[in-house]
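*Asks:* Here is how the chains run, residue by residue.
Number of protein chains: 2
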Amino acid sequence: MKDFLVVKGNIIYTKDFGCYEIYKSGYIVVEGKKVIGVYKELDEKYQNCHLIDYGDNLIIPGFVDLHVHAPQYPNIGLGLDKELMPWLEAYTFPEESKFHDIDYASKVYSRFIHDLWLQGTTRVCVFGTIHKNSTAKLMDLFNEAGLGAYVGKVNMDRNSPDYLIETTEKSLQDTESLIVEYHDKYDLVKPIITPRFIPSCTIELLKGLGSLADKYRIPIQSHLCENFGEISFVKELHPHANNYAGLYNETSLFGNQPTVMAHCVLVDEEEIELMKEKQVFVAHSPNSNCNLSSGIAPIRRLITRGIQVGLGSDVSGGHSLSMLKVMINCHQVSNLKWVYSDRIDKPLTTPEVFYLATKAGGKFFGEVGSFEAGYDFDALVIDDSLLPQFKVLSLEERLQKFIYTGDDRNIKVRYVAGKEIKEPKIL
Amino acid sequence: MKDFLVVKGNIIYTKDFGCYEIYKSGYIVVEGKKVIGVYKELDEKYQNCHLIDYGDNLIIPGFVDLHVHAPQYPNIGLGLDKELMPWLEAYTFPEESKFHDIDYASKVYSRFIHDLWLQGTTRVCVFGTIHKNSTAKLMDLFNEAGLGAYVGKVNMDRNSPDYLIETTEKSLQDTESLIVEYHDKYDLVKPIITPRFIPSCTIELLKGLGSLADKYRIPIQSHLCENFGEISFVKELHPHANNYAGLYNETSLFGNQPTVMAHCVLVDEEEIELMKEKQVFVAHSPNSNCNLSSGIAPIRRLITRGIQVGLGSDVSGGHSLSMLKVMINCHQVSNLKWVYSDRIDKPLTTPEVFYLATKAGGKFFGEVGSFEAGYDFDALVIDDSLLPQFKVLSLEERLQKFIYTGDDRNIKVRYVAGKEIKEPKIL
Chain A
376 MKDFLVVKGN IIYTKDFGCY EIYKSGYIVV EGKKVIGVYK ELDEKYQNCH LIDYGDNLII
436 PGFVDLHVHA PQYPNIGLGL DKELMPWLEA YTFPEESKFH DIDYASKVYS RFIHDLWLQG
496 TTRVCVFGTI HKNSTAKLMD LFNEAGLGAY VGKVNMDRNS PDYLIETTEK SLQDTESLIV
556 EYHDKYDLVK PIITPRFIPS CTIELLKGLG SLADKYRIPI QSHLCENFGE ISFVKELHPH
616 ANNYAGLYNE TSLFGNQPTV MAHCVLVDEE EIELMKEKQV FVAHSPNSNC NLSSGIAPIR
676 RLITRGIQVG LGSDVSGGHS LSMLKVMINC HQVSNLKWVY SDRIDKPLTT PEVFYLATKA
736 GGKFFGEVGS FEAGYDFDAL VIDDSLLPQF KVLSLEERLQ KFIYTGDDRN IKVRYVAGKE
796 IKEPKIL
Chain B
376 MKDFLVVKGN IIYTKDFGCY EIYKSGYIVV EGKKVIGVYK ELDEKYQNCH LIDYGDNLII
436 PGFVDLHVHA PQYPNIGLGL DKELMPWLEA YTFPEESKFH DIDYASKVYS RFIHDLWLQG
496 TTRVCVFGTI HKNSTAKLMD LFNEAGLGAY VGKVNMDRNS PDYLIETTEK SLQDTESLIV
556 EYHDKYDLVK PIITPRFIPS CTIELLKGLG SLADKYRIPI QSHLCENFGE ISFVKELHPH
616 ANNYAGLYNE TSLFGNQPTV MAHCVLVDEE EIELMKEKQV FVAHSPNSNC NLSSGIAPIR
676 RLITRGIQVG LGSDVSGGHS LSMLKVMINC HQVSNLKWVY SDRIDKPLTT PEVFYLATKA
736 GGKFFGEVGS FEAGYDFDAL VIDDSLLPQF KVLSLEERLQ KFIYTGDDRN IKVRYVAGKE
796 IKEPKIL
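Respectively, the protein sequence lines represent chains A and B. Sequential numbering from 376 applies to the first sequence in our numbering. Sequential numbering from 376 applies to the second sequence in our numbering.
FYI, nobody ran anything at the bench for these hints, they're computed from the structure. Any given hint could be a false lead.
Put simply, identical chains are the same to the list, so a pair is met inside one copy or across any two.
[What the hints assert, rightly or not] SDA-like, lysine to any residue: derived pairs with alpha carbons at most 25 angstroms apart: (1) Lys507 - Lys766; (2) Lys473 - Ser760; (3) Lys408 - Lys800; (4) Lys473 - Asp759; (5) Lys482 - Leu762; (6) Lys766 - Met460; (7) Lys610 - Ser760; (8) Lys721 - Thr467; (9) Lys700 - Gln764; (10) Lys721 - Glu458; (11) Lys482 - Glu645; (12) Lys457 - Arg676; (13) Lys797 - Ile578.
Just chain A, same shape as in the assembly:
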């Protein structure tokens, strides 16, 4: 019975959208990486297994961040006074250009990964930069830390500053060589095809990336319909295209392999239909969309239409890696969307938002983000005893209070794929 781990505590997770599964002083049985089951009472056959009792603490799935830019971490909390396109020029591109220097990259990336860990993020879809070696380093560091990640070398071969641009050929070569080296190298860290967005990629590059995705069966991440100025630029560049999503679709970058598109604030009906058909995920990044004056994505509508929506911190358009803060903001903007959609798009509830931050985003990684049997055991142990307490709260209320008023100080233990993850080193 040495292979089983039993974890005891107040267990909360979501199996279905908006419905908590709650086990007060319950047991999660884990075998290797996987959850065997969650139980109110522990079956006799597990009685002699290694049991860790977390007492009155909450045990919840780890958070999944479906969209974040690692090299933008030095800019976190800075330069949030512009819309997307001028913001990229003024703040983001100059910072990203520094990542040709692998020492600088190691310093930033190790702190970035440390802080993801700190905030309880256990799985993440990350953008690197155009630089191959720094992106390889980012994958190595994720693997050392023990977090799960899809890591993308960014592709940019047009409309980019001289100091941050590649030739189409080099962009494809570097991408392919990273794929070849890394797609089977690590268990929890994998490459992902990452065209920055339509404005910075020629059709030739997009087609090449689409072929690589299909050839090696590599997932895809990019940006879609984030901001008014961006969409206008795409229309200007491609006046005969039906829409923004169509350009990804025509180049085999829209759901032929698992695909996640950040933002989707301003997607049109045809794009929504295509996303549904191609099972494209949305990385809803509300903090970023507020900070860069992009607007509010129609999340309730997308979910009702059957589209998979997870959450993204989108640092540094977003100002925090904390998925708690993303959840709060997600709830808030869903309320505002309701108000400003003539009360049609209903607000999201707390268990719905929690589902988005765990199981919905986790689906992009396979069976991740829940404690159902067969799921990877990614978990956080939450000690909420230091939050102001004046009355007895239900476990649901305790979780809600943690989401709204807690922070990294309340996260005591983190598990990824069955393994406790200790504090990663900062280089």
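We have chain A; now place chain B onto it with these hints.
*Replies:* Here is chain B on its own, set in the frame of chain A:
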């Protein structure tokens, strides 16, 4: 020269809306409660004064919270799934009814004040409950802690649950007796007239409160045009009234004495004109307005029209006492307001938001919220050295990074009216 205190550090404050005053390694000279001046070099006459050197830390004005409900603190982070009126019935009124018990009140209020201190709030306009003794206790505890506060016994004599209602007569009596006892008792803690809002106060009560305000020259706080359902109810109750603000105005509760109205999300043109004429302050509480699906107050428009706007946490409609989080949300919703006002109401900038959280709110307390000569020395010493740093930042950028990514851990020292305020006791 014993009466002078000299404080050295990286000083940032706002004299004018949207403009930082910055003194790198500058000096603030304080005499008693007041700032004498801020200097790049220290004049010889102050050379022998007591000097505290905060090194590379930032020194900024303390934060001013113009709207918060102390008795709602036990509900913080809970029950944010309803609009205002059902939220009051389901969560808020039952909690507030507990404050007939002064022991419970002491426990909650001491923690509340402790946590305001923790978050760097140095001045605050607070709602208590209808209960006289608990509200008196709240004033005593603020005084013991050393924070500045206007504290209001709430008035409610109609449309309120049986367990949380007063007669008109008792409401006025209790209010007057608190005023008589407290209006000269403490230097930094004062009573404020606090009708809950129009739905819960008869015109007779409002008139009585208006008379008390005028008789004792006591300021006034209440709620105005927060939420669609609330405004509909006011119209139903007073079908012949011009508007919501007019009802306060007719009863001498709208600017005859200094007045602050929370929210003003849905004020009409006539109300804006009246607010300007009567110099009524707005306590903009964006987190609460998002959480309770109220909407986005037209802050840029109000400011352009010459209305004084400060910020409020509005706990527990708001989910955090941290004015940092209020500032972030204020910035975010101003961006969204711009997007959804056809790009007419320009977004607020970081120095504009900082001004709202310090000097603009501080005006309600007199000369508070700035380091100009004659202002009360309310200050925070900010150690941002533990925030991720990868490049040399300007002082402006360091302040912005602190606002967006810092928290109570970065606040090392707090001053109110010239005095360092140590951690308040939790009862």
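*Asks:* Just pull the numbers of the violated hints for me, sorted ascending.
*Replies:* 7, 11, 13
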